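Colleague: Sequence:
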Amino acid sequence: IFNIFFMVAGRTGQVIFIGLALLFFLQRFSWKKAMAAGLLLGVVLAGFFFLSSSFAGRIAEGMHDVKKYQSGEADTSIGLRYQFWVNTARLWSTAPLLGHGTGSFPTKYAALAQSTGALPTDNPHNEYLLLAVQTGALGLALFLTLLLVMLWYSRTLGQPNNWLAQGLVLTMAVGCLFNSSLLDMAEGHFFAFFTALFFAGLDRRRPGKI
Numbered sequence: 724i725f726n727i728f729f730m731v732a733g734r735t736g737q738v739i740f741i742g743l744a745l746l747f748f749l750q751r752f753s754w755k756k757a758m759a760a761g762l763l764l765g766v767v768l769a770g771f772f773f774l775s776s777s778f779a780g781r782i783a784e785g786m787h788d789v790k791k792y793q794s795g796e797a798d799t800s801i802g803l804r805y806q807f808w809v810n811t812a813r814l815w816s817t818a819p820l821l822g823h824g825t826g827s828f829p830t831k832y833a834a835l836a837q838s839t840g841a842l843p844t845d846n847p848h849n850e851y852l853l854l855a856v857q858t859g860a861l862g863l864a865l866f867l868t869l870l871l872v873m874l875w876y877s878r879t880l881g882q883p884n885n886w887l888a889q890g891l892v893l894t895m896a897v898g899c900l901f902n903s904s905l906l907d908m909a910e911g912h913f914f915a916f917f918t919a920l921f922f923a924g925l926d927r928r929r930p931g932k933i
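Take the sequence shown: its position 72, counted from the start at 1, is 795 in our numbering, and no numbers get skipped.
Hints are supplied without guarantee of correctness; some may be wrong.
Claimed, not checked - Listed next, with one range per pair, are the computed distances between beta-carbon atoms:
#1 Trp754 to Pro829: 39 to 49 Å
#2 Asp798 to Ala923: 42 to 52 Å
#3 Asp798 to Asp845: 37 to 47 Å
#4 Trp754 to Ser776: 18 to 28 Å
#5 Gly881 to Leu749: 29 to 39 Å
#6 Ala923 to Pro843: 33 to 43 Å
#7 Phe772 to Trp875: 34 to 44 Å
#8 Gln837 to Phe913: 44 to 54 Å
#9 Lys791 to Trp886: 18 to 28 Å
#10 Gly924 to Asp798: 46 to 56 Å
#11 Lys791 to Thr839: 11 to 21 Å
#12 Gly733 to Pro829: 15 to 25 Å
Hints listed in this document are in silico derivations from the structure and should not be mistaken for laboratory results.
As the structure is a prediction and not an experimental result, all values here were calculated from the model.
Using N, Cα and C, we set each Cβ at its ideal position, and we do this for glycine too.
All chains should be modelled from the sequences, with the hints used to inform the complete structure.
Modeller: If you want it as structure tokens, here you go:
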């Protein structure tokens, strides 16, 4: 927790931590206790805002970036990401069902950037859009189905693997909104390793048995 809010300035990690904390409360407590724990978490985060210059600075920077983008300046962290997302969605719209092919994103985006004057990139910082451009709605649907199947079968795992597997799905689902988590080496290997670890003992013939 100290590393996430006081040392590392990544907003994605902070959002994922909050999501995992809320999931933990729902897994372990009743609804009333989970709501109380959520309120307590809000108080703690407010304290972090005043105690951590890194945490407060990233929030202030994000708000500043949004204001600059609204005034027409896109050359900020949030502004560039939003531009990447909009342009990537445009690429997807030209091949919505099957996409442009695996590995095609850098070339396709470079051509779009050249014609529009946008900043080129090989990473749109959104795994869902990246999959959609390369494999179309079909590939995106398969990835979402994978996450849903993992969530469904996590119920049949014994504790604590069921809770951990649900946390893994949440981590990937949220992380993919702001990063290309399958494309990024560390996050992609993390997902593959722990998916195998948590679900390796699953016996579909005897749910919940190893």
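Colleague: For alanine 923 and proline 843, compare the CB-CB distance with the range 33 to 43 Å and indicate the outcome.
Modeller: Taking Cβ atoms as reference, alanine 923 and proline 843 lie about 41 Å apart, which means the hint holds.
Colleague: So does aspartate 798 sit 37 to 47 Å from aspartate 845, Cβ to Cβ?
Modeller: 19 Å Cβ-Cβ, so the 37 to 47 Å window is violated.
Colleague: Mind checking the hinted window 18 to 28 Å against the Cβ distance between tryptophan 754 and serine 776?
Modeller: Violated: the Cβ-Cβ distance is about 36 Å, outside 18 to 28 Å.
Colleague: If you check the beta carbons of phenylalanine 772 and tryptophan 875, does the distance land in 34 to 44 Å?
Modeller: holds, 37 Å
Colleague: Do the beta carbons of aspartate 798 and alanine 923 sit within 42 to 52 Å of each other?
Modeller: holds, 46 Å
Colleague: Would you say the C-beta atoms of lysine 791 and threonine 839 sit inside 11 to 21 Å of each other?
Modeller: Holds, since lysine 791 and threonine 839 (Cβ atoms, about 20 Å apart) stay within the stated range.
Colleague: Determine whether the Cβ-Cβ distance between tryptophan 754 and proline 829 falls within the hinted range of 39 to 49 Å.
Modeller: holds, 47 Å
Colleague: Does 15 to 25 Å hold as the CB distance between glycine 733 and proline 829, or does it fail?
Modeller: holds, 24 Å
Colleague: Does the beta carbon distance between glutamine 837 and phenylalanine 913 stay inside 44 to 54 Å, or does it fall outside?
Modeller: With Cβ atoms ~34 Å apart, the hint is violated.
Colleague: Given a hinted range of 29 to 39 Å, is it respected by the beta-carbon distance of glycine 881 and leucine 749?
Modeller: With Cβ atoms ~19 Å apart, the hint is violated.
Colleague: Verify the CB-CB distance for glycine 924 and aspartate 798 against the hinted window 46 to 56 Å.
Modeller: holds, 50 Å
Colleague: Does the Cβ distance between lysine 791 and tryptophan 886 fall inside 18 to 28 Å?
Modeller: violated, 41 Å
Going through the hint list in order, the structure does not satisfy hints 3, 4, 5, 8, 9.
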